[in-house]
Structure formats: structure tokens, C-alpha cells
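Same order as they appear, the protein sequences are chains A, B and C. Take the first sequence: its position 125, counting from 1, is numbered 126 in my numbering, and each next residue is one higher. Take the second sequence: its position 246, counting from 1, is numbered 903 in my numbering, and each next residue is one higher. Take the third sequence: its position 59, counting from 1, is numbered 60 in my numbering, and each next residue is one higher.
Since the hints were derived computationally from the structure, they do not count as laboratory data. Any given hint might turn out to be false.
Short, incomplete list of chain A residues facing chain B, as computed with Cβ under 8 Å [as the list claims (entries may be wrong)]:
1. LEU98
2. GLY180
3. ALA183
4. ASP198
Just so it is clear, CB atoms sit at the ideal spot from N, CA and C, and this is done for glycine as well.
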Amino acid sequence: MDSIIEAFSKAFTLIINFNAELLGIIFLSLKVSGTALVVATIIGLPLSALISFKKFPLKGLFISVLNTFMGLPPVVVGLFVYLLLSRSGPLGFMGLLYTPSAMVIAQTILALPIIASLSNSAIVSVEPIVKQASMTLGATTLQVSLTIIREARYGIMSGVIAAFGRVMAEVGAILIVGGNIAGYTRVMTTTIALETDKGNFELALALGIILLAISLFINSALHLIQKKGMAQTNR
Amino acid sequence: MVIKINYLVLLAIFSVVVFSSGALATTEIICASTTSTENSGLFSYILPIFEKKTGIKVKVVARGTGAAIEMGKRGDADVAFVHAKEQEMKAVEEGFFVSRHDVMYNDFVIIGPNNDPAKIKGIKSTTEAFKKIAESSQFISRGDNSGTNTKELSIWKKVAIDPKGQKWYLEVGQGMEKTQRIANEKRAYTLTDRGTWLATKDKLEMVIVLEGDPSLFNQYGVMAVNPVRLSESAGAEKVPFIKYKEAMEFISWLISKEGQQAIASFKDKNGNQLFIPNAK
Amino acid sequence: MSLKLAVSNIWKSYAGNNVLQDCSFLFDIYGTYVIMGPNGCGKSTFLRICALLEEPDAGEINYFSNNNALKKDVELRRKITLVLPKVGIFNATVFNNTAYGLKIRGVKHIKIEEKVNSALDFVGLIHKRHHNALTLSSGEAQRMGIARAMVINPEILFLDEPTASVDQKNIEIIEDMILKIKKQGAPTVIMATHDTGQAQRLADILLEIKEKKISLL
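Please construct the entire structure, taking both the sequences and the accompanying hints into account.
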């Protein structure tokens, strides 16, 4: 029990005396996960629109697969990306293994199904009258689709929040493809794993607290925007 | 429309971030090493010295010895810095690596609970100690094909005990620190390198029960990934990503007088010298 | 500028139930057409087919300009508009809802500002332009729906039960608006209502859907 209290007090001391290395690690975490989130949204949103608006064979199966992929084990994704990017692998020529880019790729794969699947749910649950109203006002097919996506924006944001939570907390995939290289691919979660290994529980705990605080901050901000948008819907 | 514009902006940001971070700097090499070596703090001490002298940045990816050698075989590293001489020599024989050199050594020690329930203290021979642990206590094994694990298995072979699957033998498949902690929690014995032990002993309720046996000698070696062999197996004319020249520069430095001195002057936070340079 | 609508022998059924049978009518003059009939008689279906939201099972809808049949493309759809009974509000401000039709037509910002403000003034909602449209009462929503339709200067404006779920005060306001449009002479209004009194008050031409057929009264 004492050691836990001690760890907490040391954790707070570390947080107060932010050092450059710690800041670098935090910044890299945000950069990697943030980029992955942006890429996953850029790919996932049009994909979800395609699934929502187009009919194609085996659509039901495709959606089931997508839903299943929401729970992809990070280590499996890590292994897959490792084999892909390894210099002996098909994309080895790009020299991306053990770089932040490799971590972005792995996290994008983890975030993509969540964003695509939850966006799809949000889009299909937009009331049909919105589509009809848009049509009566002279929208082209593309404009109708964009209007529906706009109406689904708060649901889509939920998907992005969920994906953010997943990639920020993830350690299995980025450890394999990033290599946890000090000052280069070492992020918060991999540092926590490493420091726990070394028995430096205080530092690990401090990072854990910071990670939670950042997640809390970003989630509350997004949640606030979302709540504002949703509240207006209930009349 | 608005959405479209946002997309373009995001795409632009993305490409900048990804491609800038993925830029190939010619002065960087990847060194596959072991968790115990990295966690000892040796690299963060000697690599800046090397980088300052040559401008070559060495990025260390720490894995178990087995995985580290595998990384080199796949071409995912340029140089390997590990401590399992037999495995290293085998990989060199197979042609995956060249220019293997001894760099330094430390030694392994057997650690156990403070009260030493199996009464190992006083025994001089490692094989005797292992036999006694097998009879009367528990042994925690790395079980991860690491250098320490390889060493441990060779000792079991010498005493003609097959520990796999035995009740008293736990293979945890973890790094050295974690294995030590598991031994600590289970009140069991384990084999560890002295460097890791010195770094972690304050957090453990354990003591060294046997040390100084010549058979616990732990030799570290360095070797360069063989670019020729890799290109043969890849079928390509040349694997351009292996930075052989820079890797050789790193190896030469490690075994040079200057590199050896750097290793000797590396001390842990308690002022103990962790590695003894012995390059020939 | 003379758009005519010819409805020829259209049939429509939902899940095996016939709603419209062999309906034909020619809308060829300006003014206000009012289609009467009890709830569920097929007025809405008739309007939705005319407004190109749905396809008839059989028969044809044709729009003519100077005796040339027009292709049923976006260009034609942009000359007509239908205000749905429940409007179909976008989760945005009253201003942006009203501006929608102009934005998708790529109208310049200043022009949008001017037109939307004058339309909101016309329906008496200018003071609520920055409110989220989802907070409007059903009467206000209906008025916004009409403003949203009017800003795009349609040649034909379809109104589907504009006062069905609206309080008395708003019924009067909306009827007043329709009478003003009638006085302006444009656009042609084709509306459906179950309220006979309202039909009498507003119509130039009274129609009725009875036993799945449309006819002049």
C-alpha cells in the first residue's frame, strides 16, 4: 500500500517538473495517434458513405466483417504490419519499419474499422425525411449524400472518439512496428510498458496519469461539442 | 463542399507528417540488441559519444537475443549487439552476418529469496546449484530464447535435467526485469545477468546466492548484417537498405581503444562498472 | 417561363394496396391549385410523384416548356420544389436551413444573405435566424419550410398539408402567406389539404382525390 502512495506522490512530482524527454514522448504519442486518426477518418468516412449509400453484393457480410474488425487484437495488427514493412517483406523497400510512420500505419488499421462502422451506423440512422428535403430543394445525388453525412456528424464524431480512445491506449501494435526506440519511436504506452518492466513503477504511473488526463481532456472536449449538437435535436 | 475542403486540408497535413517522419536519413542505423543491454543504460551512455565522433545515429530496437538475430536475418536491422555466442556463430556460419567481434562481458549470477530456502549459498558450482534448486525449490526461466535463456538451458543440459513441463519450472516468456519480479513474488530462483541485477536489486527482496563460477561468463558480441546474403535470398540485385558501411564503422569503433574505454567508463547509478571490455 | 405539368394515367400502390388508379390531369395555367380529400386518400402520394420524389408504377409525369417535354434531371428538379408535411429540418441554424437551396446551387454569399433575409422576413422568422432550426415550433418550422422553398424561386411550389399539425394562429399566418404568393402571381402553387374551408379560401382551382382518382370539383 505504501509503495502505491509513494508512486502517486512521485508521479505528481514528475508531472509538475515536466522534463524535455517526457514532453517529447507525450508529443510523439499525440502526433502518431492523431495522424492515424486523421488518416483513418479520411479513408473511413468515404468508405462508410459508400457502404451506407450504395447497394452491392455481400453488403451484409461486409458490414459484419467490419464490425468484427473493430475488435482486432493490436498485436495481430502489429505482426501483420511488421511482416508487410520488414525489409524482407513486400513493402520493405520503403524503409518504414521502426519509424513513426509504421506506427501510424498500424494504428490507422486499428482505428479504421471503428470509424467506418460507427459512421455507417450514424449515417443510416439519419431520418429519411432529411434526404427527401434535400432532394426537393434540388440537390444532386452527391449533394444529398454530403447533406446526410453532415446530419450524421455527431454520430460520426462518436466513432472518432471511440477510435481515439483505442489508439491512444494501444501498446501491442506500436511496440512491434515502432521498436520502442528511445527518442524516436518511444511513446507513452510503450514507455509505461518498459518502465514497468524495469521496475520504475513511479515513472510508469506518472505517465499513466498523464495519459489518462490527456484522454480525459480530449474526450470531454469532443463530448461537449457532441452534447451541444445532440441537445438541439431533442425538441 | 465544406467537407471536401476539410478533406484536402487533412490530407495535406497527413502527407507532411507521414513523409517527413519517414524520411530516410543516411546517417542512421538500426541496432538490434537485447532488453537487458538496453535497460542497463549502456547505450544511452556510449551512443552519444559515437554519434558525436562520426555523425552516425544508432537507433536501438531491444528484443530477446533470438528475436534480435532474427531481425538481422530479415534485414530489419543493420547490426546486432547480443550475448549468445553460439547462436551468433551459427548465424555467421549461415551467412546472415559478417565481422563478428567480442566486445565486452559481464557475468551471470543466480539469485534467490533473501532467506535462501534451497540453501544454495556456499555452493561453488553452478551445476550443483541447479540440481539443488530442481530438487527443493522453484526456478523461473525467461523462456524467451534470449541470451540468458540460452545460457540457462545449456546449464540444464550439463546437469542432464530436462526442466520443460516440470512443476518447479516456470517459463514466463518475459524480459529480465519482469522475470526477476516474478521470481521475487514467487519466492523462487532465477538466473540473471549482473547488470540487470545491479540496476534492479533495490526493488527486490532477493540476494545473489551464487556468483563467480567461470561457466557464468556472459560474452557480448557485435556483428554486421551481411548485405550480400540478404540480396541473394531476396533475389534482388542489391538490398540497398542495409547500411553496411555505417554498421562496420560502428563495429570498428566499439572494438577500438576509444570504444572500449567508453564501455569501461560506463557506471550504473550506484557507481558499479557493469561491463568489462575484452575486444581482441 | 411557362412550365406545364401533365399527369397521364398514373398508378401507384404500396405493398399491394392501390393508392392511385389511372390519374390524369393537366396543370397548365398560373394560380393556386388545391387538392382536397380525407387523410390517406393519396394526396401526398400524388404530390410526391408530381415533385419527382417517387416514380409511378404505371403512367407518366411530364413537364413541358414551350411545348417541349423536359428531361427529368437536376435542372428540372431545381425549377420545382415540395414542402413536406414535416418539413425535414437540417440540424443547423434557421438561416443555414433556408440558405440550403441557394448554397447547393452555388449562389454567391452576398446574394444568399439578401435573399434568405428577405424570405425569413416574409415568413416572420427573421428574429430567429441564428437559432437552431430544430428548436422551432411546428408552425414556425412549416413557415421556415416555405421560406426555404421560396428563396430558390421555384416555378411550381408543392405544399403537402402545410397546416396539418399547426396551431390556429400559425394556420392564419400560413394561409396569409399563400394568399400573398397568389397575389404576386408566382410561383404556381399546388397544395394538398384535408381542410375544406381552407381549400375554399385559397384555391383558384379546386381538385379532389376520391376513390383513388383525381378530378375537378
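Proposed interface contact between LEU98/A and chain B, which counts if any beta carbon pair is under 8 Å: holds (6 Å)
Restraint outcome when GLY180/A is required to lie within 8 Å of chain B by C-beta distance: GLY180/A check passes; min Cβ-Cβ to chain B is 4 Å, inside 8 Å.
Interface hint compliance - ALA183/A to chain B, C-beta minimum distance less than 8 Å: Because about 7 Å separates ALA183/A from the closest Cβ in chain B, which is inside the 8 Å limit, the hint holds.
Supplied contact hint for ASP198/A, tested at 8 Å Cβ to chain B: Since chain B brings a Cβ to about 5 Å from ASP198/A, closer than 8 Å, the hint holds.
This entry satisfies every hint, going by the numbered hints stated previously.
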